[in-house]
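Chemist: Residue-level listing of the chains:
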Amino acid sequence: MTDPVALAILVSIGAVLIRLWRGPTAWDRLLAYNSAANRIIGVLAIVAVTAHKSALLDIAIVYVALSFLGVVVLARFLERGGSFR
Amino acid sequence: MTGMIFIYLGGLLILIGTIGILRFHDVYSRLQASGLSDNVGLTLLLIGLIINGGWERYDWALVLLIALLLATNPIATHSIAKSAFVQDHAQRRGK
Chain X
1 MTDPVALAIL VSIGAVLIRL WRGPTAWDRL LAYNSAANRI IGVLAIVAVT
51 AHKSALLDIA IVYVALSFLG VVVLARFLER GGSFR
Chain D
1 MTGMIFIYLG GLLILIGTIG ILRFHDVYSR LQASGLSDNV GLTLLLIGLI
51 INGGWERYDW ALVLLIALLL ATNPIATHSI AKSAFVQDHA QRRGK
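If you're matching them up, the sequences are chains X and D in order.
With the first letter of the first sequence counted as 1, position 39 gets the number 39 in the working numbering; the numbers rise by one all the way through.
With the first letter of the second sequence counted as 1, position 42 gets the number 42 in the working numbering; the numbers rise by one all the way through.
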């Protein structure tokens, strides 16, 4: 029953990766990475509840923490004047 | 039935946020679309997944996931916005 929602979120992961590919600035790419991580967490939660695999929920929790750490570290690096553009 | 309404509403919000990320012209507008719709959409989706199958043993992990997302996602959005703002002003002041 929740398969159309998972499919729609997968399509939107592809659409967000377009923004990650041709973002004009580095912050666009960072934003697209953050959004793609959020959508991956949604797909993981749907698959875990539908297929009764609770290990995927643990993976999702660790993924939230690691993606948050990566986004904040890269944003602070760009804020202090690091340059990859 | 109520859970399915929540799940479909969350998926719809995530799709609207994707359109916003693709179509807006500015970093701050894209941050607005991404931050608001992702947070609300994911929270609605996970609440719907909790409601839909009844209370099972692994639903505590979903509650923890909602709490973690509501704690970390606004901080990440604010961090990106502050970084873009500070760098923009540093470049303008330098020139």
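I should point out that these hints are in silico values taken from the structure, not numbers from a laboratory.
Every residue gets a Cβ at the ideal spot worked out from N, C-alpha and C, and that includes glycine.
Take the hints with a grain of salt, since some may be wrong.
Partial chain D-side listing against chain X, Cβ under 7 Å, derived [claimed, not checked]:
1) T2
2) I5
3) F6
4) L13
5) I47
Per label pair, the in silico range of CB-to-CB distance [as the list claims (entries may be wrong)]:
6) A90/D with T50/X: 44 to 54 Å
7) G70/X with V63/D: 38 to 48 Å
8) G53/D with W21/X: 32 to 42 Å
9) P4/X with V86/D: 19 to 29 Å
Chemist: With reference to the structure, classify each hint as holding or not holding.
Modeler: Consistency of the hints with the structure:
Hint status for T2/D relative to chain X: violated, with the closest Cβ pair at about 13 Å, above 7 Å. For I5/D, the interface hint is violated, the least distance from its beta-carbon to any beta-carbon of chain X being 12 Å, above 7 Å. The interface hint given for F6/D is violated, since its Cβ lies 11 Å from the closest Cβ of chain X, which is over the 7 Å cut-off. Below 7 Å, beta-carbon pairs count as interface contacts, and L13/D has none with chain X, the closest being about 11 Å; its hint is therefore violated.
Hint on I47/D is violated. Least Cβ distance to chain X is approximately 11 Å, over the 7 Å limit. At roughly 48 Å, the beta-carbon separation of A90/D and T50/X lies within the given 44 to 54 Å, and the hint holds. In this structure the supplied range 38 to 48 Å is violated for G70/X paired with V63/D, their Cβ-Cβ distance being about 24 Å. For the pair G53/D and W21/X, the beta carbons lie near 37 Å from each other, so the given range of 32 to 42 Å is met.
The hinted window of 19 to 29 Å between P4/X and V86/D is violated, with their beta carbons roughly 42 Å apart.
Checked against the numbered hints listed earlier, the structure breaks hints 1, 2, 3, 4, 5, 7, 9; every other hint is satisfied.
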